[in-house]
Amino acid sequence: MNKIKAVLTLAIGSFIALGCEEIPPEITPCQTNRVVLVEEFTGIKCVNCPIGTEKLEVLSGQNPGKIIVVGIHAGFFAKEYNGFDLKCPDGESLESSYLGPVSGYPSASINRKVFEGESDVITDLAEWAGYIGAEICNRPIADLSVTTTYDDATRKASVTVDMTPSSFFTDAIDEDLAVSVMITENNIVGYQVTPNGADPAYVHKHVLRDVITDSYTGDVLITKGNVLSAQQKVITDYEIPAGWDADNCYVVAFVHYKGDGNKEVIQAVEAHLK
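Residue numbers (the UniProt record's numbering): 1 to 274.
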């Protein structure tokens, strides 16, 4: 039995703003423990989606530990190819109704936030750098840690998510606060259309495999009107399907509002499954 505990730690993030074209770096001095969740909508038949993936890799490299990417294969461009299919039911539900629908690719949700000038949470590639940079600078009202255990023999995993309120926030919350827990898989080799043609051995990263909370929209921890307090979510005996490589699987947990017009993520954390 292996046990890993990932804890968010204070970091100084530098940020390089990238537009559609290369521009000189702009450093944003921020001293927060904010970790930004990016839900990237993609598909194996989306020719421009690898460009979006590369951009997120660059931004993540410039801000280590500050960005968590989840690749959601859903929508028109996510159709299977010769049996290779990276869709999952929860991902399709997130795209079709809860966060979307997505009309253009590549697109992403940045902390599930509706930014000024936007009509919904889905944003274009050209906006990602600026929105992520702004979110890194926002102090979260809570901290998260996640503990995972995994049994190689049974392929069963257990996950414990602990939320602790930040000391500066003592108010009651005006929306229900929920937690979502996802399983992603890295380094899946398979078909992908790219600007240079079809690649049968493309390496797909941080692919959403499943949302393992009771609801794909998140499980409520604190109802609106109550004061933010320490909370724990425990998920036991989740069996990793045989087709997934447990060595490449990760647990992504995040707390977020769960209101009709507010789904904003306030903090996120990621840990290796094993």
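One or more hints might be untrue.
[As the list claims (entries may be wrong)] Heads up, simulated DMTMM-like pairs for lysine to aspartate or glutamate below, C-alpha to C-alpha not over 20 Å straight-line: (1) LYS156 with GLU92; (2) LYS156 with GLU80; (3) LYS274 with GLU175.
[Unchecked claim] Here are the simulated distance ranges between beta carbons: (4) THR149 with SER103: 38 to 48 Å; (5) PRO64 with VAL189: 30 to 40 Å; (6) LYS79 with VAL189: 15 to 25 Å.
For the record, the hints were derived by calculation from the structure and aren't laboratory data.
Just so it is clear, CB atoms sit at the ideal spot from N, CA and C, and this is done for glycine as well.
To see whether the hints hold, each was checked on the structure:
1. LYS156 with GLU92: Between LYS156 and GLU92 the Cα gap is close to 25 Å, so the pair fails against 20 Å, i.e. violated.
2. LYS156 with GLU80: Judged against 20 Å, a Cα distance of about 28 Å means the pair is violated.
3. LYS274 with GLU175: violated, 34 Å
4. THR149 with SER103: 38 to 48 Å: Given range 38 to 48 Å: holds, Cβ gap about 41 Å.
5. PRO64 with VAL189: 30 to 40 Å: Since PRO64 and VAL189 have Cβ atoms about 25 Å apart, the given range 30 to 40 Å is violated.
6. LYS79 with VAL189: 15 to 25 Å: Roughly 19 Å apart at Cβ, these two residues keep to the hinted range, so it holds.
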